Structure formats: C-alpha cells, structure tokens
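Chemist: Below are the chains, spelled out letter by letter.
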Amino acid sequence: MVDVSQHKLVPEHTVLDDPDRVDEVLSEYNVSKTNLPKITVSDPALPDKAEPGDVIEITRDSRTTDRATVYRLVVE
Amino acid sequence: MQTPKEIGGIQFGLMDPETYRDMSATKVITADTYDDDGYPIDMGLMDPRLGVIDPGLECRTCGQHSGSCNGHFGHIELAAPVIHVGFTKLIRRLLRSTCRECGRLALTEEERDEYRDNLVRAEELGNDPNDVLKSAVRQARKQSYCPHPDCGGVMHEIKHEKPTTYYEVQDVLAGDYSERIAEAMQPDPDDEDDEGTGPAELAEEVGVNVGRIQEIMSGEFRPKSETRKKLEKVLGVDLTEEDMNKLMPSDIRDWFEDIPDEDIEVIGVDPERSRPEWMILTVLPVPPVTARPSITLDNGQRSEDDLTHKLVDIIRINQRFMENREAGAPQLIIEDLWELLQYHVTTFIDNEISGTPPARHRSGRPLKTLSQRLKGKEGRFRGSLSGKRVNFSARTVISPDPTLSLNEVGVPDRVAKEMTQTLNVTERNVDEARQYVANGPEAHPGANYVRRPDGRRLKVTEKNCEELATKVEEGWEVNRHLVDGDIVVFNRQPSLHRMSIMAHEVVVMPYKTFRLNTTVCPPYNADFDGDEMNMHALQNEEARAEARVLMRVQEQMLSPRFGENIIGAIQDHISGTYLLTHENPHFSETQALDLLRATSVDELPAADGEENGGPYWTGRTVFSELLPDDLNLEFTSSAGDTVEIVDGQLVTGTIDEDAVGAFGGEIVDTLTKVYSETRARVFVNEVAALAMRAIMHFGFSLGIDDESIPQAADEMVDEAIGNAYERIEELIDTYETGELESLPGRTVDETLEMKIMQTLGKARDSAGEIAEDHFQEDNPAVIMARSGARGSMLNLTQMAGCVGQQAVRGERINRGYEDRTLSHYEPNDLSAEAHGFVENSYRGGLTPREFFFHAMGGREGLVDTAVRTSKSGYLQRRLINALSELEAQYDGTVRDTSDTIVQFEYGEDGTSPVKVSSNDDNPIDVEGIADRVLDAEFGSEEEKERFLGSREPPTNLSEYAGPGLNKAQGMEVESDD
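So the protein lines, in turn, are chains A and B.
Residue 0 is where the first sequence starts when you use numbering that gives the first Met the number 0, and the numbers rise one by one after that.
Residue 0 is where the second sequence starts when you use numbering that gives the first Met the number 0, and the numbers rise one by one after that.
No lab work stands behind these hints, which were simulated from the structure alone.
Owing to the predicted nature of the structure, the values given are computational and were not obtained by experimental measurement.
Possibly wrong hints are sitting among the right ones.
Unchecked claim - For lysine-lysine, the following DSS-like pairs were computed, each having C-alpha atoms within a straight-line distance of at most 30 Å:
1) B/K158 <-> B/K223
2) B/K133 <-> A/K32
3) B/K367 <-> B/K88
4) B/K228 <-> B/K141
5) A/K37 <-> B/K133
6) B/K416 <-> B/K458
Model the full structure from these sequences, guided by the hints.
Modeler: Next up, the structure:
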C-alpha cells in the first residue's frame with residue numbers, strides 16, 4: 000500500500016500534542032477550536048494518532064512565502 | 000403600531016393563529032370589493048380598515064392618509080383547516096417520526112438526547128443541521144411500534160402525495176382471506192411427503208377451536224389481528240393487503256397538538272416560537288390593500304391585483320363549504336370542497352407547485368401570487384432589495400476624446416443639468432451659492448432645488464430663481480448642477496472586475512454622449528461601436544472622498560488580476576510610438592515641437608545633430624522627454640530588440656506594446672510601482688498624445704494593396720500548396736493500399752487524418768513564410784503585428800498567402816451528406832479540398848465551396864463565444880455568491896461571517912498583487928527592491944561600498960586557487976554526486 004502521507008506533494012501534518020501550543024495558536028488568532036478549518040479523521044494525510052478534537056499543524060511549501068503554516072481541527 | 004425605523008434583527012418562526020386574529024384589522028367575510036357607487040364594502044376585501052390606496056381617503060384603522068399608512072392585515076376564518084404548502088416537507092417529516100397514539104417522537108430518550116447533542120455540535124462546527132435532522136427522522140421512521148413503553152402504538156407508514164395529501168398505509172385483512180387459507184392448507188403437489196393441513200390440526204396449532212376455524216374458512220368470521228398473525232405463521236401465507244387511509248388536515252392538526260415541546264427541538268423546530276400544528280392553517284391572513292392595490296384603467300374600470308383575485312376565490316369556496324356542511328351535504332361533496340379550498344389556499348401561497356395546475360387569469364396568464372413576488376431575478380430579493388434602480392444616475396452612448404485626461408469623463412451638459420450635488424451654504428461660499436441659484440435650472444452651472452434650514456424644499460424655476468437667490472443664506476442647502484472637477488462614478492456592464500466601476504472627474508461638454516480617453520477602454524472592456532455606460536453622481540462627502548482616494552482611474556492603474564498595469568497605450572498609440580522610435584527618424588525643430596504640442600513639454604532638449612542646414616532631434620529623444628530623468632530600465636520589446644533607458648533617456652530599442660501597452664507595458668508598470676500613480680497617469684496621457692501626433696505626422700493607412708505580394712511569390716505559394724496536395728495524395732494511396740502504419744494509440748483512419756492535417760498546416764505555414772518574406776518592413780499591417788498594436792502575422796498570411804484548413808470541433812470538416820461534405824465531391828473523397836482546405840487567400844478571394852466551408856468554421860466560433868459568455872456568467876454568479884461573505888480581517892486572516900478561518904494569512908503570503916514588485920524569474924523581485932533601497936539610501940558609490948562591506952581581493956593565492964583554477968575543488972565537484 001502506498002502511504003500518501005509520505006508523498007512529496009502532501010505537506011507535513013503534525014498533531015499539536017501540547018495543550019499549551021494549542022492555546023497559543025487559538026489565542027494568536029483569537030478563535031475557538033471550532034472556528035478553525037476542518038479535516039476529517041479519515042483523511043489519509045493525517046498521522047495515525049490523530050483523533051477528533053485534535054489540532055493539526057500543516058506546514059506546506061509556498062511559492063510566495065517559502066513556508067506557510069495553517070491549522071486544522073480534526074472532526075469525525 | 001409604530002413602524003420601526005431601524006432593524007436590529009430578524010427572527011423566523013411560525014405564527015400562532017391567535018396572533019393572526021389579534022393583528023387583524025377586520026374579519027373578511029364577503030368576496031365583493033366595491034359596491035355600485037364605487038365605495039369599498041365593509042368586511043369585504045377592500046375594507047377601508049385594511050389601509051388606503053386612493054389619495055385623499057383616511058385609513059379607518061390608523062387615521063393616516065395613503066402614503067403614510069402602510070396598511071393593516073385582515074383575516075379569513077377558514078371553514079376547515081388546510082395545509083400550508085410551504086411546510087409540506089416538514090409536515091411529512093413530523094408525521095413519519097412521531098407516534099400517532101401519543102404524539103411523541105419515536106426515539107428512545109437516549110437516542111433523542113444524542114440527536115439533540117449532534118444538532119448542537121453541527122451548529123458549532125458549521126455543518127449543515129439538516130443532515131442531523133434527516134438522520135434523526137430516518138432513525139425514527141424505522142420503528143414500527145412506538146418505543147415508549149407506556150404507549151407502544153403502531154406506527155404506520157406515511158405516504159405523501161404531492162403537494163398536500165398524506166396517507167396512512169395500514170395492513171388490513173385481505174378480502175379473499177378464506178381462499179388464501181384454503182389454498183395454503185392444500186398439500187404441496189411437488190412434495191410427496193406433504194399431506195397438507197387439516198382444520199383440526201390448524202385449530203390446535205393456532206389455539207382456537209375447530210368451529211371458529213370452519214367459520215373463518217367459510218368467510219363468515221373475520222379473524223382478529225392476533226389470530227390472523229398466528230394463522231399466517233403456521234401456514235406461511237400473507238393474509239393482509241395495504242389500505243390507504245387519507246389523513247385530513249384536521250387529523251394532522253390533532254396529531255401535532257400532542258407532540259411535546261422537548262421532542263420537536265430534535266426535528267429542528269424551536270418550540271419557543273413555533274408549534275407544529277400552526278403549519279395547518281385555520282385562519283388565513285389577508286394582506287393589506289396596499290400590498291395588492293387595484294388599478295383604475297383609462298375607461299374607468301377597476302382592475303384588481305392577482306392576490307385579490309385569489310382571495311376572492313378562497314372566500315367563495317369557504318362560504319360554499321360552510322353552507323354545504325350546515326345543510327348536511329354528503330361526505331363526498333364535503334371532501335371535494337375541502338380539496339378545492341386546499342387548492343385555492345395552496346395557489347394563493349405558491350402558484351408554481353409541480354403537480355398542481357397553476358391558477359390562471361381569465362386571459363390564461365398564470366396568476367402572480369405570494370411566492371412569485373419573492374422568487375427569481377425580478378423577485379423582491381434579487382430585484383428590489385439586492386439591486387434596485389437609483390436616482391442621480393445617467394446612461395448614454397460613449398465616444399472617444401483623446402484630449403481628456405484618463406481621469407476625466409466628458410458629461411453632456413443636459414446630463415450635468417439633471418444630476419446635482421448638494422452644496423451646504425456657508426460664510427465662504429454664499430456668493431457662489433447665490434450665483435448658482437440665480438442662474439436657474441436651465442442655464443448650465445445652475446441649481447435645481449434649495450432646502451431652507453427649516454427643512455422645506457423649494458424648486459428653483461426660471462421664474463423664481465432671481466428672487467430665490469437673494470434669499471439664500473448660510474445654513475441653506477443648494478442642489479447645484481454638476482460642474483468641471485466634480486467626482487462621479489462611471490460603470491460599464493458586465494461589471495466583471497473592480498475596474499468596471501471607477502471614479503472620474505467631470506468635464507461638462509456639449510452634445511449627447513459620454514466622452515472617454517481611449518486608454519481607459521481596456522479596464523471597462525469598452526469600444527465605441529454603440530456601447531453605453533452609466534454614470535452615478537455621488538451624494539455625500541464621504542462617498543466623494545472615498546471615490547477620489549480609492550476609485551479614481553489612476554488608482555486602478557494596476558490590475559489585481561496579474562499585478563501589472565491594465566491601463567496604457569492601445570492600438571494606434573502603439574503604432575505611433577513604434578513609428579517614432581523603431582527606426583529613430585530625424586525631426587526638424589518645427590516637427591519635433593509639433594509632436595510634443597499636446598504634451599506638457601514646451602522646450603526641446605539639446606539637438607542630436609545638424610542636417611540639411613538645421614538641427615535635428617531623433618524620435619527617441621522626443622520620446623525621452625516624457626520619461627522621468629532618473630529612470631533606468633532594460634527589457635526586450637515586442638518587436639524583438641532590447642530597449643535600454645538610461646537616466647531617463649531612451650538609448651536604444653523600439654517603444655511598442657511591451658513598453659507602454661495596456662496589460663503589462665514595462666514603462667507604465669515601473670512608473671506606477673516605483674514612482675507613483677500620478678506620475679504614471681501623466682505619462683500615459685502624454686504618451687497617448689505624443690503617439691497620436693506621431694502617427695498623424697507619418698500618416699498610417701491600410702488598404703487591399705498592402706496585402707499584395709509579387710507574382711513570383713504568388714507562384715511560390717501555389718507551388719508549396721501543390722506539393723502538399725501531392726504528399727496528401729501519396730498518403731491517401733498508401734492508406735488505400737492498406738500500407739499506412741498507425742501511430743501508437745490511434746487507428747489507421749485517425750493517423751491518416753492527423754497526417755493530412757499536419758501536411759496542410761505545414762503548407763499554410765510555408766505559404767505564410769513566403770508571403771512574410773515579401774512584405775516590406777514599412778508595411779502597415781506588418782508594423783501593427785510587430786508592435787502588438789493590432790492583428791498578428793497569422794492574420795496577414797491569411798490575407799496574403801493562404802487561409803488554410805477550416806475546422807469544426809478540431810477536425811477537418813467531416814459533415815454534410817452521406818460519406819461526403821458536399822454533393823460536389825465523390826463519396827469517401829479524402830482529399831484536402833473536399834474537407835475544407837481553403838487554398839486561396841482572403842485577398843485573392845475564396846471559391847464558393849471554400850466560402851461555404853469557411854462559414855462552417857466561422858459559425859462554430861460564434862456559437863462558442865455565445866455559449867461561453869452565458870456559461871461563464873452563471874459560473875461567476877455562483878462563485879461570487881459563494882465567496883461574498885469572506886472578508887480579510889485586520890489580523891491578516893480571511894474569515895467568513897461566522898468567524899471561521901478560511902485562510903490564516905491572506906493568499907498565504909498576506910500580500911496584494913498590486914503592491915508587490917515582481918518579474919518573470921521571481922514572484923517577488925527582491926534584488927530589484929534591494930538595489931533601489933541602496934540607491935536611495937546612499938548618495939555616493941563609496942558610501943554604498945562602505946555599507947555593503949568592501950570585498951577584499953583574495954590574497955596568498957596558490958596557483959591552483961582562484962576562479963576556475965581550483966583543480967582540487969573541481970575534482971571534488973566531479974566526484975561528488
């Protein structure tokens with residue numbers, strides 16, 4: 000089986016384990032978790048340990064800014 | 000009741016019939032409108048208590064006159080409840096998910112709580128709550144018995160017959176039950192061991208006595224449901240058939256009254272505001288007469304509104320229903336009348352229900368009822384609220400005026416006299432204001448109205464203007480005509496991007512058209528073949544300031560679509576600058592000054608040299624006068640040479656589309672980004688002016704002779720095409736002998752087609768090349784194609800050489816008759832001319848058959864554009880509606896109205912395309928920006944050097960070191976990787 004999360008076009012998805020980091024992100028943008036963009040648990044790009052309610056940090060290459068970081072909330 | 004002036008919020012819910020009655024100004028009982036004297040009948044549909052439409056009359060409810068009275072609702076007491084068509088889906092959902100016996104939701108408490116939580120969750124996450132509601136209904140519908148232990152009632156299947164009929168599907172004992180039992184008791188003929196079932200045996204197994212079984216088998220006794228089920232089990236037969244029991248609206252209303260408040264929440268109904276039984280109408284609100292005014296025709300006859308007609312129908316049927324019921328009419332008639340009442344109420348609400356014939360006017364036109372007033376493009380929402388007609392706007396044909404600045408618009412005087420601006424009279428402008436009023440409404444800078452400090456508005460007329468002018472004091476307002484320099488908003492539809500609406504400064508002019516500088520045609524996508532444009536005069540100081548700062552044409556110089564200028568030289572401007580700079584011609588003093596006379600340059604620089612006993616200036620020198628003195632630029636022109644600008648002097652190169660054109664002309668782009676929008680505006684204006692003088696100096700025209708090529712060239716073209724024909728014949732021969740080898744992935748037929756197309760393509764290209772070789776450099780068509788002003792070399796070769804293959808759907812023309820395109824050809828003729836190859840040129844003229852094929856190809860293009868515009872228009876509408884609520888916030892994120900983040904940084908980089916300097920190699924031109932910063936920061940080369948740090952030349956170099964000499968490193972590089 001091909002693990003799509005290892006594909007070069009799939010950006011890096013990491014679970015924000017540390018609750019402090021999550022709070023940091025949420026307070027940076029002044030939002031609640033539910034206002035983040037969503038990603039379903041079944042998404043093959045997610046790491047296996049991701050569970051609904053987790054916040055995922057996605058770091059992707061950007062043509063204009065080199066790296067772009069976005070956050071998503073895992074939902075069912 | 001006081002009408003609110005400002006709306007704080009809107010709540011949606013159902014309305015209690017009691018509220019209808021409380022709100023009602025009167026009960027409506029008669030279907031008549033006016034009596035013989037033309038007075039409205041009391042308790043009729045035009046009752047004066049419902050509001051007034053005739054001027055002069057007084058409203059019997061609020062006492063106000065028409066205009067200030069908004070009207071009042073009345074009501075009709077319906078003889079029997081009817082279903083509201085707007086809620087048929089919700090009614091079906093409720094019928095299917097609740098128990099008929101106890102009214103409760105057919106879900107266990109745990110399930111119910113779970114769905115309620117899911118609903119809250121869906122709302123939080125911004126998911127569609129409908130999905131949760133649907134799954135709750137699906138779950139409840141599965142039950143065949145009420146899951147509540149104290150009830151356990153049977154839940155029948157509900158059948159919905161659109162639009163407003165509901166049936167309960169029940170299983171009842173079939174009419175032929177005794178035959179079915181007898182048949183099942185017979186022995187199975189295929190199974191020899193089966194002896195069948197005797198009555199005694201059956202009685203024992205079912206548990207009733209034999210006599211009863213005999214009675215059942217003879218059809219004298221109908222078994223009760225318990226016995227029936229046992230019988231079915233023992234015999235393995237189905238003794239039931241489906242029976243449809245119609246649910247009358249009154250039954251449904253009773254059912255819904257039993258549904259407890261806690262349960263309807265799960266179905267998505269807020270019990271605070273709505274009760275499900277209110278979806279069944281018992282009272283019908285009658286809209287105020289102001290919502291359905293009657294019109295008096297020229298012949299004095301009154302014509303009623305569609306809604307009134309519908310209400311008349313409802314009242315008539317309602318009365319007939321009541322009379323019949325009181326008279327004790329048979330059930331069948333009552334039911335028919337009930338259905339009729341339902342139909343009228345349904346069409347009163349929505350007259351476009353599928354499955355119901357629309358209610359029609361006497362003329363056969365379908366009535367426009369409540370839903371039709373709201374729905375669609377001309378409906379209340381899209382037609383009257385999102386977009387409406389406005390005052391202070393004007394529309395007329397546009398025409399060009401190269402003497403205007405691109406920031407200006409020429410406004411006809413008769414438009415300027417109609418559109419006004421409000422002038423607040425103060426100490427400083429009182430004289431000016433009086434002058435406007437004194438001029439009256441007919442003379443041009445005049446005034447149309449004045450407003451006194453007490454709020455009274457007076458019309459300025461020819462008669463009273465002199466007198467009124469003397470009365471104007473501080474604190475008055477004067478609505479004066481538009482004058483030069485006022486700011487207005489200008490628009491051309493379709494408004495596809497933000498540059499379709501820009502602010503211009505007014506220049507009042509005679510005649511009837513709006514006048515534009517031709518350089519603003521690209522952003523509006525305007526031309527002058529009859530295009531019309533709209534103008535809006537701004538009515539308050541904020542709007543005018545905003546328009547001037549943000550919307551003026553010069554502020555829109557750069558397009559957010561590609562980050563380069565969209566305003567610049569077009570067409571003849573480009574031909575003009577090309578003529579001026581390509582061969583760098585010489586001009587005498589008079590000529591040079593004439594070229595620059597429409598610009599702000601009024602002094603010539605030092606002459607470039609002497610010739611014929613006088614000084615001369617070159618075209619490039621003249622052009623350089625328009626450039627800022629410190630501009631340095633190097634790029635490749637569209638004509639192919641390198642353009643070099645050093646310290647504001649054009650040293651070499653041709654100025655053409657790539658330099659000054661709209662859609663990314665380098666010089667305009669650089670001026671806008673590095674200097675300012677104002678500098679770029681000045682430059683574009685002056686380039687346009689200079690180019691017009693230049694093209695007029697040289698003279699520029701195009702005629703049929705400009706596309707002729709020498710006889711010899713014509714023969715060469717014929718030969719090239721002849722060769723192609725021969726090759727095609729060879730191809731066809733190999734194909735017919737079956738020797739043609741197919742290309743990978745293609746059939747032999749396809750291969751042949753491809754090869755023929757290729758050969759013909761090449762033939763046209765070589766014909767084009769031959770033609771191109773014989774055109775002079777100064778051929779006007781060549782100049783236009785090279786400079787990018789208009790047309791291409793392909794257009795030219797089609798005019799002079801050969802038009803080439805005509806195509807429909809990307810293939811040679813393959814349609815028409817059976818096995819051939821036209822009856823002029825043999826069937827299955829594969830030759831070039833039989834499939835739409837046009838070997839003639841446009842100048843030489845097409846043969847009738849060629850002309851026909853050419854029309855086939857041309858028509859496809861026309862159809863494609865027509866289809867594309869409508870398709871893309873709808874696509875754009877959907878896209879805009881989907882994105883309209885997204886907004887870039889001050890923290891740099893993009894969010895929708897529920898504050899959900901869509902982008903964490905606008906466009907991932909938080910930059911606007913028009914604010915970023917970029918070039919072809921890099922999305923952001925970092926080096927260029929750094930160079931400019933350093934140049935601006937440091938006055939001298941030494942200072943700059945000091946800041947950047949001196950680069951010491953390397954010392955103590957071994958002879959193996961130094962650029963290109965490091966052999967050790969060189970080897971490493973080779974061995975590496």
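Chemist: Now tell me if each hint is right for this structure.
Modeler: Checked hints:
1. Distance check on the hinted pair: B/K158 and B/K223 sit about 25 Å apart at the alpha-carbon level, within 30 Å; holds.
2. Among the hinted pairs, B/K133 with A/K32 is consistent with the structure: their alpha-carbon atoms are about 26 Å apart, no more than 30 Å.
3. Note on B/K367 and B/K88: the hinted pairing holds, with a Cα-Cα distance of about 23 Å set against a maximum of 30 Å.
4. As the CA atoms of B/K228 and B/K141 are separated by approximately 21 Å, the hinted pair is consistent with the 30 Å bound.
5. Between the alpha carbons of A/K37 and B/K133 the distance comes to roughly 22 Å, so the proposed pair stays at or under 30 Å and holds.
6. At most 30 Å may separate the alpha-carbon atoms for a hinted pair to count; B/K416 and B/K458 meet this at roughly 14 Å.
In terms of the numbered hints stated before, the structure departs from none.
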